[in-house]
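Protein sequences appear in the order of chains Z and Y.
Residues in the first sequence are numbered from 0 upward in steps of one, following numbering that gives the first Met the number 0.
Residues in the second sequence are numbered from 0 upward in steps of one, following numbering that gives the first Met the number 0.
There is no bait here: all hints are sound.
All copies of an identical chain are treated as equivalent in the list; a pair is satisfied when it fits inside any one copy or across any two copies.
Calculated lysine to any residue pairs in the SDA-like style (CA-CA distance at most 25 Å, straight line): (1) Lys90 <-> Ala144; (2) Lys109 <-> Arg71; (3) Lys44 <-> Lys145; (4) Lys109 <-> Arg69; (5) Lys44 <-> Glu82; (6) Lys145 <-> Ile77; (7) Lys44 <-> Ala96; (8) Lys109 <-> Glu123; (9) Lys68 <-> His128; (10) Lys109 <-> Thr121; (11) Lys68 <-> Arg110; (12) Lys145 <-> Arg65; (13) Lys109 <-> Ala120.
No wet-lab data here; the hints were simulated from the structure.
2 protein chains.
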Amino acid sequence: MRRIEPFLEHADALGRGLVDIGRAAKASGVSVKMIRHYEAIGLLKKVARTYANYRVYGANDVHTLRFIKRARSLGFSIEDIRELLSLWQNKSRPSAAVKRIASGHLEGLKRRITEMQSMVATLEHLSDHCHGDHRPDCPILEDLAKA
Amino acid sequence: MRRIEPFLEHADALGRGLVDIGRAAKASGVSVKMIRHYEAIGLLKKVARTYANYRVYGANDVHTLRFIKRARSLGFSIEDIRELLSLWQNKSRPSAAVKRIASGHLEGLKRRITEMQSMVATLEHLSDHCHGDHRPDCPILEDLAKA
DNA sequence: CTCCACCCTCCCACAGGGTGAGGGTCAATC
DNA sequence: GATTGACCCTCACCCTGTGGGAGGGTGGAG
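With these hints in hand, go ahead and build the complete structure from the sequences.
In structure tokens:
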């Protein structure tokens with residue numbers, strides 16, 4: 000277990016390859032606000048602090064942040080990521096557990112895409128038949144008012 | 000201007016074709032909660048009340064609720080709907096204004112669909128190469144950890 | 001020593017809903 | 001005339017995920 004010595008001097012910490020929250024944010028792509036938020040909701044474990052109460056991040060923490068960032072960019076929910084993180088850390092996980100989470104998310108994505116595509120189809124049809132000029136007649140409003 | 004006489008008897012109101020919030024909800028498909036919410040944010044004008052402080056809806060109000068419901072089901076934001084409603088009520092609106100709102104929304108939808116499709120593509124690729132069994136090796140986690 | 005960039009905590013905002021508490025009211029049945 | 005059950009009222013808090021700002025402490029460079 001790597002365990003950061005708590006309550007370091009700031010300069011000392013940076014000298015040992017540890018970084019403050021701003022550098023962790025830049026290195027991971029996760030904003031400072033969100034790093035603190037992820038810690039608050041327990042997604043990220045509490046990190047060590049300097050004497051001045053500054054958070055101090057190690058390479059592992061930044062790696063975890065990048066993991067989270069990547070997972071978010073693939074649309075995983077925070078709760079999914081919570082499970083993915085614990086599977087990632089569990090070296091004897093069954094890959095089936097990971098796949099199950101991914102498949103569930105994939106289904107949700109596909110369902111939402113389908114819904115939005117049907118909205119697009121309807122809207123394009125209506126929009127195509129709307130003159131789009133100074134006249135008030137408009138099939139878009141007619142549809143909303145009638146359907 | 001149809002103006003509902005304020006402070007009616009409940010039975011009297013129902014006798015005149017006016018309805019209470021529950022009936023308006025059923026007739027429009029908008030939940031009771033959301034009708035009150037839309038009123039609170041000013042999307043729906045304040046309606047008359049009975050002596051017992053019950054909201055009383057006329058046919059026009061129910062029609063407006065159906066308009067909102069339909070617009071929401073096409074994915075329009077509340078702010079878009081606010082504009083669409085005022086254009087709907089403005090008989091000399093230019094249809095171009097309506098079309099502009101619809102086109103903006105359409106673009107947003109298409110952009111989000113594209114984003115989600117690229118998530119799907121990535122996830123399907125990763126998922127296809129994951130055994131999904133008892134073994135811990137998993138390209139999904141590898142991608143999240145490395146990329 | 002001063003200045004600025006950074007850090008801290010705490011609270012608020014957004015969309016678009018949902019849930020529930022703690023009350024009042026209406027109409028039908030006994 | 002009382003009870004009962006289905007409504008209605010307001011207020012206030014919950015969710016997801018992110019950003020903004022207030023108000024105050026710190027680190028390091030000039």
